[in-house]
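Model the placement of chain B on the given structure of chain A, informed by the hints.
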Amino acid sequence: MHKKILIAALILGMVLTACGPAVQEQTTQEIPTEQPTQLAATESTQATTEPTQAATVPDTIKIGFVAPLTTANALMGWSMQQGAQLAAQEINDAGGINGVPLELIIEDNSNTADVAVNAINRVLSENPVALILGSTSAQTLAMEPIILENTLPTIIMGSSPSLTDQGNPWVFATRADDGFAATAAVKFAVEDLGAKKVGIFHAAEEFGTSVAPIIISALAEYGLEPAAVVSAPSTDKDYSAQLLELQAADVDVILVWVLPAPGILLARQMKQLGMDTPVVANPVFGLSQVLVLMTPEELAGIYSMTDCVPSQSTDEKILAFVQAYKDRTGTTPDLFGALSYDSVKLFADVITQVGTDLAAIQAGLFAVTGWPGVCHNYSFDAKGRGGYDISTVDISTGTLKVVGTVSK
Amino acid sequence: MQQLTQLIVNGLTMGCIYALIALGFVLIYRTVGVINFAQGELVMLAAYFGVTAISIGLSLIWAYVFVIAAMAIFGYLFQWMIYYPLRGKPFITIIISTIGVSIILQNLARIIWGPAPLMFPSFFSLKPLNIGGVLVQPQNIFVFVVTVVLFSLVYLLLSKTMIGHKMQAVAQDPETAKLMGIKVDQVVAGVFVLNSILAGAAGLLLAPIFLVTLDMGSSVLMKSFSASIIGGFGSVPGAIVGGLFLGVVEILGARYISSHFKDGIAFVVLLLVLLIIPKGLFGERVNERS
Numbered sequence: 111m112h113k114k115i116l117i118a119a120l121i122l123g124m125v126l127t128a129c130g131p132a133v134q135e136q137t138t139q140e141i142p143t144e145q146p147t148q149l150a151a152t153e154s155t156q157a158t159t160e161p162t163q164a165a166t167v168p169d170t171i172k173i174g175f176v177a178p179l180t181t182a183n184a185l186m187g188w189s190m191q192q193g194a195q196l197a198a199q200e201i202n203d204a205g206g207i208n209g210v211p212l213e214l215i216i217e218d219n220s221n222t223a224d225v226a227v228n229a230i231n232r233v234l235s236e237n238p239v240a241l242i243l244g245s246t247s248a249q250t251l252a253m254e255p256i257i258l259e260n261t262l263p264t265i266i267m268g269s270s271p272s273l274t275d276q277g278n279p280w281v282f283a284t285r286a287d288d289g290f291a292a293t294a295a296v297k298f299a300v301e302d303l304g305a306k307k308v309g310i311f312h313a314a315e316e317f318g319t320s321v322a323p324i325i326i327s328a329l330a331e332y333g334l335e336p337a338a339v340v341s342a343p344s345t346d347k348d349y350s351a352q353l354l355e356l357q358a359a360d361v362d363v364i365l366v367w368v369l370p371a372p373g374i375l376l377a378r379q380m381k382q383l384g385m386d387t388p389v390v391a392n393p394v395f396g397l398s399q400v401l402v403l404m405t406p407e408e409l410a411g412i413y414s415m416t417d418c419v420p421s422q423s424t425d426e427k428i429l430a431f432v433q434a435y436k437d438r439t440g441t442t443p444d445l446f447g448a449l450s451y452d453s454v455k456l457f458a459d460v461i462t463q464v465g466t467d468l469a470a471i472q473a474g475l476f477a478v479t480g481w482p483g484v485c486h487n488y489s490f491d492a493k494g495r496g497g498y499d500i501s502t503v504d505i506s507t508g509t510l511k512v513v514g515t516v517s518k
Numbered sequence: 616m617q618q619l620t621q622l623i624v625n626g627l628t629m630g631c632i633y634a635l636i637a638l639g640f641v642l643i644y645r646t647v648g649v650i651n652f653a654q655g656e657l658v659m660l661a662a663y664f665g666v667t668a669i670s671i672g673l674s675l676i677w678a679y680v681f682v683i684a685a686m687a688i689f690g691y692l693f694q695w696m697i698y699y700p701l702r703g704k705p706f707i708t709i710i711i712s713t714i715g716v717s718i719i720l721q722n723l724a725r726i727i728w729g730p731a732p733l734m735f736p737s738f739f740s741l742k743p744l745n746i747g748g749v750l751v752q753p754q755n756i757f758v759f760v761v762t763v764v765l766f767s768l769v770y771l772l773l774s775k776t777m778i779g780h781k782m783q784a785v786a787q788d789p790e791t792a793k794l795m796g797i798k799v800d801q802v803v804a805g806v807f808v809l810n811s812i813l814a815g816a817a818g819l820l821l822a823p824i825f826l827v828t829l830d831m832g833s834s835v836l837m838k839s840f841s842a843s844i845i846g847g848f849g850s851v852p853g854a855i856v857g858g859l860f861l862g863v864v865e866i867l868g869a870r871y872i873s874s875h876f877k878d879g880i881a882f883v884v885l886l887l888v889l890l891i892i893p894k895g896l897f898g899e900r901v902n903e904r905s
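Chains as they are written, first to last, in my numbering: chain A, 111 to 518; chain B, 616 to 905.
No lab work stands behind these hints: they were computed from the structure.
There's no promise every hint is true.
[Claimed, not checked] Using 20 Å as the maximum straight-line C-alpha spacing, the simulated SDA-like pairs for lysine to any residue come out as follows:
no., chain 1, residue 1, chain 2, residue 2
1, B, 742, A, 405
2, A, 347, B, 756
3, B, 798, B, 695
4, A, 307, A, 357
5, A, 347, B, 871
6, A, 347, B, 742
7, B, 781, B, 797
8, A, 381, B, 704
9, B, 742, A, 385
10, A, 306, A, 358
11, B, 742, A, 297
12, A, 297, A, 332
13, A, 381, B, 738
14, B, 704, B, 759
15, A, 511, A, 432
16, A, 347, B, 734
17, A, 381, B, 757
18, B, 742, A, 386
19, A, 347, B, 863
20, A, 347, B, 751
21, A, 297, A, 518
22, A, 381, B, 882
23, A, 347, B, 737
24, A, 347, B, 695
25, A, 381, B, 619
26, A, 347, B, 759
27, A, 381, B, 750
28, A, 347, B, 741
29, A, 493, A, 278
[Stated by the list, open to error] Taking beta-carbon pairs under 8 Å as the criterion, some of the chain A residues facing chain B (in silico):
no., residue
30, 181
31, 184
32, 188
33, 314
34, 340
35, 343
36, 345
37, 347
38, 348
39, 352
40, 354
Heads up, the beta-carbon is just placed ideally off N, CA and C, and yes, glycines get one too.
Chain A on its own, in the form it takes in the complex:
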């Protein structure tokens, strides 16, 4: 009997740790049947810089897209996929990139590093000219060596500082790192909420563990030390031990850095334990699909840091995006839908300008200055980071009410 149990445990362990729970999928953006191929030669010559591969016009210009379309982060991945596909559709409806249709090569990373590596390898087999990673930081880190080896211009949405601190010149981030967001969160907690005893609750994964020291240093700027620091893996379902530790430390504000589903459970379990302590969180509560799953009691006292709130913009171009996204999905776009949309549009714009040579696209991205996107106006610093705007939103009414914005 013991032999059987041992075999079973080994197999289960291998499956859970190595293979991931979901199968991988590949879907591709539909290409218009009437391709305006006759425009390709003429329009490409109108580009401000001569495309280096103009002599051989490809059937499609391929951009890889790897995101968590399954597992715990699928909520974010879905928004990212919708934003990217909307942008691709608009580009193709307008005639493609210099007349060549844009094709998205979409792969699921199953929210695990090993599946992410397999996903990027499958994308690379399609010879893309650019890559967009909607993956979270741990998966992005696993893919970065492959990006460097293949010299593929890549836009990432991961926010861990380590992603752009490694000096990979092919990686560009369309959002500020967590250092910027966490510092803004601490500033809001201390200056606006008057926090004196701050507790920290972070995910046990890379993106959470990397932000905890940043929060602690930001608190030190105000002469404060965290009253308690707790963490939980994103697969965990019960946070009462962590919450009771924060309660015992008598914290007056909790800074939270977690994923969407754990964020909802955390807010719920706080109320179940009778905790009304204000929460200042990462963008987790800026997602419209998260808000609809929370009761008014659970929403009370929660603030979230978010890159942008497109639906509250007064800019006609941004509002047009919001409407198009709503028409496509039936939901209001969140920051990830907007960032993904911006990433595809930005690549398309750069490729229109410089062609499909990888080094030229890289140089084109570095040359971008104040490119007006839906979520940010983009310029990339030497590390490849752009999009340094972060807003604090009050979600207590069930909608995102901006109460402050920090820009760099």
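Here is chain B on its own, set in the frame of chain A:
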């Protein structure tokens, strides 16, 4: 002291969850000698069936009936399509097939219900009851009561009824059981149906506490498996004791040692139990029976 009590109460709730899933492992193992790693996905599937039942306008009580009926049918189909064609094949072949089923079910659920978490209502208010300063969710009390009742019924079924004796006979020697006039295929089918119903009950109990998500079963599968080993694999009382023990120990460890090592603490406990009592808390009886 009040916080310690609160922690124990919350740990017992998680322990019930581990125990309910562990019971599924035990039931299948005792009868057909294999381990069903699709157990977590059966729990998930039941919760999604519940969401569908509510979305088509059924009341909560009828949603429960719908889910239990759907899970009974699914349990029969599961053994007919997965176990029956592979019966007699090596142990490892069958458990790998159950892992395959778990992957298929999770992806089917994603295609049908989408990746976003969903809500499932409870019979009870979400407001906690204050019992001597300890806050307890009415749903958690419901989980505890139903878990104890289900375990008692399964224990009585296995040890005090003719059906239970037949199940044990099939587990020990299917060929001899057949010679004794026991309809082995029917007994096996019945066990899979019962297991699926129990998983359905677990899904209905968990859904209002957790969200209905694709990983709601698989995320606790490993700890449930550990709980069944701690209790003594194959033992019904062992499953509930192991589940409750693991639930309480891990929450106390997370609070008083470090939350950063919560999962690690659970598995260190498993290792310690296996080192000190290799057969688990109730392992002796299992050994005698098998």
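Hints, one by one, checked against the model:
Simply put, residue 742 of chain B and residue 405 of chain A have alpha-carbon atoms about 12 Å apart, close enough for the 20 Å limit, and the pair holds. Restraint check: the Cα-Cα separation between residue 347 of chain A and residue 756 of chain B comes to about 17 Å, which is no more than 20 Å; the hinted pair holds. A threshold of 20 Å between alpha carbons decides the hint, and for residue 798 of chain B with residue 695 of chain B the separation of about 15 Å falls inside it, so the pair holds. The hinted pair formed by residue 307 of chain A and residue 357 of chain A meets the criterion: a straight-line CA distance of about 11 Å does not exceed 20 Å.
Taking the CA atoms of residue 347 of chain A and residue 871 of chain B, the gap is near 19 Å; set against the 20 Å cutoff, the hint holds. The hinted pair formed by residue 347 of chain A and residue 742 of chain B meets the criterion: a straight-line CA distance of about 19 Å does not exceed 20 Å. Simply put, residue 781 of chain B and residue 797 of chain B have alpha-carbon atoms about 7 Å apart, close enough for the 20 Å limit, and the pair holds. For the hint linking residue 381 of chain A to residue 704 of chain B, the alpha-carbon distance of about 51 Å lies beyond 20 Å, and the restraint is violated.
Proximity of residue 742 of chain B to residue 385 of chain A is assessed by CA-CA distance (about 12 Å); at most 20 Å being required, the pair is judged to hold. At most 20 Å may separate the alpha-carbon atoms for a hinted pair to count; residue 306 of chain A and residue 358 of chain A meet this at roughly 15 Å. A C-alpha spacing of about 33 Å is found between residue 742 of chain B and residue 297 of chain A, which places the hinted pair above 20 Å, so the restraint is violated. With a C-alpha separation of about 9 Å, the suggested pairing of residue 297 of chain A with residue 332 of chain A holds against the 20 Å cut-off.
In summary, the hint linking residue 381 of chain A to residue 738 of chain B is supported, as the alpha carbons are separated by about 18 Å, within the 20 Å threshold. Taking the CA atoms of residue 704 of chain B and residue 759 of chain B, the gap is about 38 Å. The hint is violated against a cut of 20 Å. Distance restraint check for residue 511 of chain A and residue 432 of chain A: the Cα-Cα separation of roughly 17 Å lies within the 20 Å cut-off, and the hinted pair is therefore satisfied. Restraint check for residue 347 of chain A and residue 734 of chain B: the C-alpha separation of about 15 Å stays at or below 20 Å, so the hint holds.
Between residue 381 of chain A and residue 757 of chain B the alpha-carbon distance is near 19 Å, which keeps this suggested pair within the 20 Å criterion. Taking the CA atoms of residue 742 of chain B and residue 386 of chain A, the gap is about 14 Å. The hint holds against a cut of 20 Å. For a cut-off of 20 Å, the pair hint linking residue 347 of chain A to residue 863 of chain B stands: about 14 Å separates their Cα positions. For the given pair, residue 347 of chain A sits about 17 Å from residue 751 of chain B by alpha-carbon distance, which is consistent with the 20 Å threshold.
Simply put, residue 297 of chain A and residue 518 of chain A have alpha-carbon atoms about 15 Å apart, close enough for the 20 Å limit, and the pair holds. Between the alpha carbons of residue 381 of chain A and residue 882 of chain B the distance comes to roughly 30 Å, so the proposed pair goes past 20 Å and is violated. At most 20 Å may separate the alpha-carbon atoms for a hinted pair to count; residue 347 of chain A and residue 737 of chain B meet this at roughly 18 Å. Between residue 347 of chain A and residue 695 of chain B, the direct Cα distance comes to roughly 33 Å. Violation of the 20 Å bound is thereby established for this hinted pair.
Restraint check: the Cα-Cα separation between residue 381 of chain A and residue 619 of chain B comes to about 19 Å, which is no more than 20 Å; the hinted pair holds. A C-alpha spacing of about 17 Å is found between residue 347 of chain A and residue 759 of chain B, which places the hinted pair at or below 20 Å, so the restraint holds. The hinted pair formed by residue 381 of chain A and residue 750 of chain B meets the criterion: a straight-line CA distance of about 10 Å does not exceed 20 Å. Among the hinted pairs, residue 347 of chain A with residue 741 of chain B is consistent with the structure: their alpha-carbon atoms are about 17 Å apart, no more than 20 Å.
Of the pairs offered as hints, the one joining residue 493 of chain A and residue 278 of chain A holds, with about 8 Å between alpha carbons and a cut-off of 20 Å not exceeded. Because the beta carbon of residue 181 of chain A sits about 6 Å from the nearest beta carbon in chain B, less than 8 Å, this interface hint is met. Because the beta carbon of residue 184 of chain A sits about 3 Å from the nearest beta carbon in chain B, less than 8 Å, this interface hint is met. With a cut of 8 Å, the hint placing residue 188 of chain A at the interface with chain B holds, because the nearest CB-to-CB distance is about 6 Å.
Restraint check, residue 314 of chain A versus chain B: the minimum CB separation of about 7 Å is within 8 Å; hint holds. The interface hint given for residue 340 of chain A is met, as the beta carbon of that residue sits about 4 Å from the closest beta carbon of chain B, less than 8 Å. A hinted interface residue such as residue 343 of chain A counts as satisfied when its beta carbon comes closer than 8 Å to some beta carbon of chain B; here the least separation is about 6 Å, so the hint holds. About 4 Å separates the beta-carbon of residue 345 of chain A from the nearest beta-carbon of chain B, less than 8 Å, and the hint is met.
The restraint placing residue 347 of chain A at the interface with chain B holds, with a minimum CB-CB distance near 5 Å, inside the 8 Å limit. With a least beta-carbon distance of about 5 Å to chain B, the hint placing residue 348 of chain A at the interface is held under the 8 Å criterion. The closest approach between the C-beta of residue 352 of chain A and any C-beta of chain B is roughly 5 Å, which is under the 8 Å cut-off, so the hint is satisfied. For residue 354 of chain A, the shortest C-beta to C-beta distance to chain B is roughly 6 Å, which falls under 8 Å, so the interface hint holds.
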